[in-house]
Amino acid sequence: MAEKSTVGCKRPSAKIEKNPEERPQPDTPVSQGEHHMIQIGQKAPDFTAPAYFNNEFTEVKLSDHLGKWVVLCFYPGDFTFV
Amino acid sequence: MLSMSVDSMFVHKMWVDKELSKMVTAKTVPFPMLSDGGGSIGKMYGVYDQDEGVDIRGRFLIDPDGIIQAYEMVAPPVGRNIPETLRQIQAFQLVREGKGTKATPSGWRPGKTVLEPGPDLVGNVWKVWTVDKAFD
Chain A
1 MAEKSTVGCK
11 RPSAKIEKNP
21 EERPQPDTPV
31 SQGEHHMIQI
41 GQKAPDFTAP
51 AYFNNEFTEV
61 KLSDHLGKWV
71 VLCFYPGDFT
81 FV
Chain B
1 MLSMSVDSMF
11 VHKMWVDKEL
21 SKMVTAKTVP
31 FPMLSDGGGS
41 IGKMYGVYDQ
51 DEGVDIRGRF
61 LIDPDGIIQA
71 YEMVAPPVGR
81 NIPETLRQIQ
91 AFQLVREGKG
101 TKATPSGWRP
111 GKTVLEPGPD
121 LVGNVWKVWT
131 VDKAFD
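These protein sequence lines map, in sequence, to chains A and B.
If you read the first sequence in our numbering, its first letter stands for residue 1, the second for the next number, and so on.
If you read the second sequence in our numbering, its first letter stands for residue 1, the second for the next number, and so on.
Calculated from the structure, these hints are not laboratory results.
Since the structure is predicted, the reported quantities are computational estimates derived from the model, not experimental observations.
C-beta atoms are modelled at their ideal positions from N, C-alpha and C, and glycine is treated no differently.
Take the hints with a grain of salt, since some may be wrong.
[Said to hold, decoys possible] Sample of chain B residues lacking proximity to chain A, with all beta carbon distances greater than 12 Å (derived): (1) G39; (2) S106; (3) P110; (4) T113; (5) N124; (6) W126; (7) V128; (8) A134; (9) D136.
[What the hints assert, rightly or not] Simulated DEER-style distance windows between Cβ atoms: (10) A:S13 x B:G123: 49 to 59 Å; (11) A:E56 x B:R80: 44 to 54 Å; (12) B:M23 x A:N19: 12 to 22 Å; (13) B:I82 x A:G41: 22 to 32 Å; (14) A:S63 x B:G123: 35 to 45 Å; (15) B:G118 x A:E56: 43 to 53 Å.
With the sequences and hints as input, model every part of the structure.
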């Protein structure tokens with residue numbers, strides 16, 4: 001995990017880690033009925049995202065967790081259930 | 001374990017402070033809560049709902065090599081079954097340690113029958129595994 005991030009007034013945003021060979025295209029508009037779906041056996045697209053952990057604001061890079069199993073769990077919003 | 005929603009990390013903090021701290025004995029969440037503002041990561045993983053502007057309940061199991069081994073997608077109103085996620089991790093860990101020699105049949109949990117796929121098993125699964133094992 002990266003060190004504590006310095007938080008100003010700006011709202012930090014997630015960064016997609018571009019791999020020169022297999023460059024994901026997050027900005028490609030995803031039209032209805034043409035959802036590009038993740039495939040089993042595919043490399044998990046890497047990213048760095050701002051995070052809240054242990055009462056600190058920090059950054060998490062997915063590929064920093066290589067060597068461990070990772071559960072990546074999306075949910076619609078805070079104050080909902082899991 | 002990494003959780004992620006389109007909420008900012010400031011909202012994550014408020015959720016922990018105002019609600020989650022009252023629900024868990026540790027008073028905090030034992031894993032990083034990530035922010036996917038704008039849903040760019042959700043789009044990459046195919047879980048972003050454009051109309052609602054949120055990431056739906058997508059869960060990915062990523063192995064130590066960074067390869068996606070499993071995923072589950074659930075519409076927002078229905079919550080997940082956490083023991084099933086743990087069971088799948090345990091099964092994948094066993095399969096990985098077996099380096100291709102082992103498989104976990106339906107309903108497998110730690111301690112239950114593990115299959116060793118190969119010519120001898122073809123047509124003989126019924127001898128080592130019964131349907132009731134999928135439900136017990």
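We went through each hint and held it up to the structure:
no., hint, verdict
1, G39, "9 Å, violated"
2, S106, "18 Å, holds"
3, P110, "15 Å, holds"
4, T113, "23 Å, holds"
5, N124, "27 Å, holds"
6, W126, "28 Å, holds"
7, V128, "26 Å, holds"
8, A134, "22 Å, holds"
9, D136, "26 Å, holds"
10, A:S13 x B:G123: 49 to 59 Å, "55 Å, holds"
11, A:E56 x B:R80: 44 to 54 Å, "27 Å, violated"
12, B:M23 x A:N19: 12 to 22 Å, "38 Å, violated"
13, B:I82 x A:G41: 22 to 32 Å, "25 Å, holds"
14, A:S63 x B:G123: 35 to 45 Å, "43 Å, holds"
15, B:G118 x A:E56: 43 to 53 Å, "50 Å, holds"
Of the numbered hints given earlier, the model fails hints 1, 11, 12; all others are met.
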